[in-house]
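Turn these sequences into a full structure, and let the hints steer you where they fit.
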Amino acid sequence: MSGARARGRDGLAGRVLLGLMLPAAVVLVWHAASKRSVVIPGIGAVLDVFAHPLREPPNLDCRPLLETVAVSLFRVLVGFCCAVLTAVPLGIAVGRSRVADRIVSPLLEALRPICPVAWIPVAVILFGFSSMASVLWGAEAWRHGFLSQIQIAMVFIIWWGAFFPILINTTDGVRNVRRLYIEAAQVLGASRRQVFYGVIFPASLPSIMTGLRVGMGLAWMVIVAAEFFPGTSAGLGYMITTSHQVAQYEYAFAAIIAIGVVGLAINAVMMAVSNRVGRWKEKER
Amino acid sequence: MLAVERLSKTYLAEDGRCVQALQDVSLHCAKGEFVCVLGPTGCGKTTLLRSIAGLEAPTGGTVRVDASAGDAGGHGIGYVFQQNALFPWRNVLENVMFGLQARGWTRADAVGRSRECLERVGLRGVETSYPYELSGGMQQRVSIARAIAPSPSVLLMDEPFGSVDERSRHALQRELLRLWERSSLTIVFVTHGIEEAVYLGQRVVVMKQDPGSILGELRIALGHPRDRMSGEFVEGLLKVRALFERQMI
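Heads up: the sequence lines are chains A and B, in that order. The working numbering puts the first residue of the first sequence at -5, with every later residue one more than the last. The working numbering puts the first residue of the second sequence at 59, with every later residue one more than the last.
Keep in mind that a hint or two might mislead.
Calculated lysine to any residue pairs in the SDA-like style (CA-CA distance at most 20 Å, straight line) [what the hints assert, rightly or not]:
{"#": "1", "chain 1": "A", "residue 1": "K275", "chain 2": "A", "residue 2": "D166"}
{"#": "2", "chain 1": "A", "residue 1": "K277", "chain 2": "B", "residue 2": "N142"}
{"#": "3", "chain 1": "A", "residue 1": "K277", "chain 2": "B", "residue 2": "E191"}
{"#": "4", "chain 1": "A", "residue 1": "K275", "chain 2": "B", "residue 2": "E191"}
{"#": "5", "chain 1": "B", "residue 1": "K297", "chain 2": "B", "residue 2": "E254"}
{"#": "6", "chain 1": "A", "residue 1": "K277", "chain 2": "B", "residue 2": "E185"}
{"#": "7", "chain 1": "B", "residue 1": "K266", "chain 2": "B", "residue 2": "V77"}
{"#": "8", "chain 1": "A", "residue 1": "K275", "chain 2": "B", "residue 2": "G194"}
{"#": "9", "chain 1": "A", "residue 1": "K277", "chain 2": "B", "residue 2": "F145"}
{"#": "10", "chain 1": "A", "residue 1": "K275", "chain 2": "A", "residue 2": "F195"}
{"#": "11", "chain 1": "A", "residue 1": "K275", "chain 2": "B", "residue 2": "T186"}
{"#": "12", "chain 1": "B", "residue 1": "K297", "chain 2": "B", "residue 2": "D285"}
{"#": "13", "chain 1": "A", "residue 1": "K275", "chain 2": "A", "residue 2": "L199"}
{"#": "14", "chain 1": "B", "residue 1": "K266", "chain 2": "B", "residue 2": "G100"}
Computed spacing ranges between beta-carbons, pair by pair [as the list claims (entries may be wrong)]:
{"#": "15", "chain 1": "A", "residue 1": "G139", "chain 2": "B", "residue 2": "S187", "range": "47 to 57 Å"}
{"#": "16", "chain 1": "A", "residue 1": "E50", "chain 2": "B", "residue 2": "E191", "range": "51 to 61 Å"}
{"#": "17", "chain 1": "A", "residue 1": "L130", "chain 2": "B", "residue 2": "R182", "range": "54 to 64 Å"}
{"#": "18", "chain 1": "B", "residue 1": "A279", "chain 2": "A", "residue 2": "K277", "range": "38 to 48 Å"}
{"#": "19", "chain 1": "B", "residue 1": "G112", "chain 2": "A", "residue 2": "L130", "range": "50 to 60 Å"}
{"#": "20", "chain 1": "B", "residue 1": "T117", "chain 2": "A", "residue 2": "Y191", "range": "31 to 41 Å"}
{"#": "21", "chain 1": "B", "residue 1": "G74", "chain 2": "A", "residue 2": "E103", "range": "27 to 37 Å"}
{"#": "22", "chain 1": "A", "residue 1": "E134", "chain 2": "B", "residue 2": "S187", "range": "49 to 59 Å"}
{"#": "23", "chain 1": "B", "residue 1": "G74", "chain 2": "A", "residue 2": "D166", "range": "25 to 35 Å"}
{"#": "24", "chain 1": "A", "residue 1": "P100", "chain 2": "B", "residue 2": "E224", "range": "50 to 60 Å"}
{"#": "25", "chain 1": "A", "residue 1": "I108", "chain 2": "B", "residue 2": "G74", "range": "37 to 47 Å"}
{"#": "26", "chain 1": "A", "residue 1": "D55", "chain 2": "B", "residue 2": "E191", "range": "57 to 67 Å"}
Calculated directly from the structure, the hints in this document are not laboratory data. Backbone N, C-alpha and C fix where the C-beta goes; we use that ideal spot for every residue, glycine too.
Set out below in structure tokens:
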């Protein structure tokens, strides 16, 4: 097995070639379409946007591409962290205690189907234009440009989106810890606390990581949708809507590509962490 | 050392039937004894072991484990499960260390003692491996090392070599005897293999099922290691088998 280099379709060159086929086709189609259409921007124009990520878009009331990406990403990260800090402990409690499950589940099951974007009007009314900056610095918020773009309403929507997958996966993970491991720990003299930190938590970590991965992916999708609505003046979704309004579609396309690329990067990171943490789980018989 | 007095265990099955897993089971083991509990599947031998270990609460009777007579600060009970119960997220050394860490040992001490126990079960060079990387026989050795690390006075083993091939099983049996002879461990070894029971045990306690109870017991007055081909061994085998088959009545 070792020593024989994979050839043809299985080799690295082969895989890269196959993987590039579709993107290359897309680029060709795009190029042809842009020549025939006024609306679809040329590849060159879009690449130009990427080449100058710090340049303020000339006709758009929008921050430069890099800052736009940063705003969207930061909103997601803050919302995601809030989701992790709330959903994981709750998931553990619900997974361990049937009583907690019976108390909490009916409400959660009723709330779960409500997609995060549905909350936007309510969130905007509830939270107004309060942002991280206003929370931290009150009246001086206007001095902190970046953090005043991280609106609480946005963070809430992200939190809602990531909360449920994380909660469900955590609960599942905790519930499905094999009794055998718990008993082995008990018979080795572990206290209830030690059983939790030494067995239940590590055993449910792979499931929790899956929840985090799904939650993060969902959060990234949600933020773009949320930024389509009034209540924000920054972010990738916002860039798409504004560039549409002034018909400068190279910014919309650049934003869309950025969404894909950043989403891919986020997922790659989450998968790498997930695989490391969950390596033993695949081998569990 | 180990005193089980009139242990009974009933529980409600899913279909509402009252199942008597154990009825009036009494077992006494002296310090350092190797006792085999032999019986067919479903005779309650696992329930007996779990009750002794405290994993199940009996409906009647008592269990007393005399920990004070153990070696080097013995702490009672070690348990080796039938299935592989090693923690898959921990490597071999960390698995063996678990019981020690639970008792507040420092990391350095725990590592030292764990290495010693791994040596005693004949394992070398697998400290940083993970359980899934090991063969079944090696996994059971690690399980034994983990169980004896906190110096228990009683070692309970539930068909530990059941899923291992015959050759490895014989090797594990010899290792276990070697381990036992060098310690003052009291071992209660559950099995459904007559030959294994006669090979290992100083006493063989035979159980029957429905309800789970003790049919009788036989003393195997042979030294260790035993020759499976010898006349005395075969004689012991036949006697145990005769007792074992009485439950077909």
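Open item on the list: Next pair to validate is B:K297 with B:D285; report whether the Cα-Cα distance is within 20 Å.
Closed with: holds (17 Å)
TODO: Given the hint of 49 to 59 Å, check if A:E134 and B:S187 actually sit that far apart at their C-beta atoms.
DONE: holds (57 Å)
Task: Outcome of range test on Cβ distance (B:T117, A:Y191; 31 to 41 Å) - done: holds (33 Å)
TODO: Take the C-alpha atoms of A:K277 and B:E185, compute the straight-line distance between them, and say whether it is at most 20 Å.
DONE: holds (18 Å)
TODO: Sort out whether A:D166 lies within 20 Å of A:K275, counting only the CA atoms.
DONE: holds (14 Å)
- [ ] Would you mind confirming whether the straight-line C-alpha gap from B:K297 to B:E254 stays at or under 20 Å?
- [x] Answer holds: B:K297 to B:E254 is near 14 Å, not above 20 Å.
Open item on the list: Against the range 27 to 37 Å, how does the distance between the Cβ atoms of B:G74 and A:E103 compare: consistent or not?
Closed with: Since B:G74 and A:E103 have Cβ atoms about 31 Å apart, the given range 27 to 37 Å holds.
- [ ] Take a look at whether the Cβ-Cβ distance between B:A279 and A:K277 falls inside 38 to 48 Å.
- [x] Once the Cβ atoms are compared, 45 Å apart, the range 38 to 48 Å for A:K277 and B:A279 holds.
- [ ] Using the Cβ atoms, figure out if B:G74 sits within 25 to 35 Å of A:D166.
- [x] With Cβ atoms ~30 Å apart, the hint holds.
Task: Satisfaction of hint between A:L199 and A:K275, Cα-Cα up to 20 Å - done: holds (10 Å)
Task: CB-CB spacing for B:S187 and A:G139 relative to the 47 to 57 Å hint - done: holds (53 Å)
Task: Outcome of range test on Cβ distance (A:L130, B:R182; 54 to 64 Å) - done: holds (58 Å)
When each numbered hint is compared with the structure, no violation occurs for any of them.
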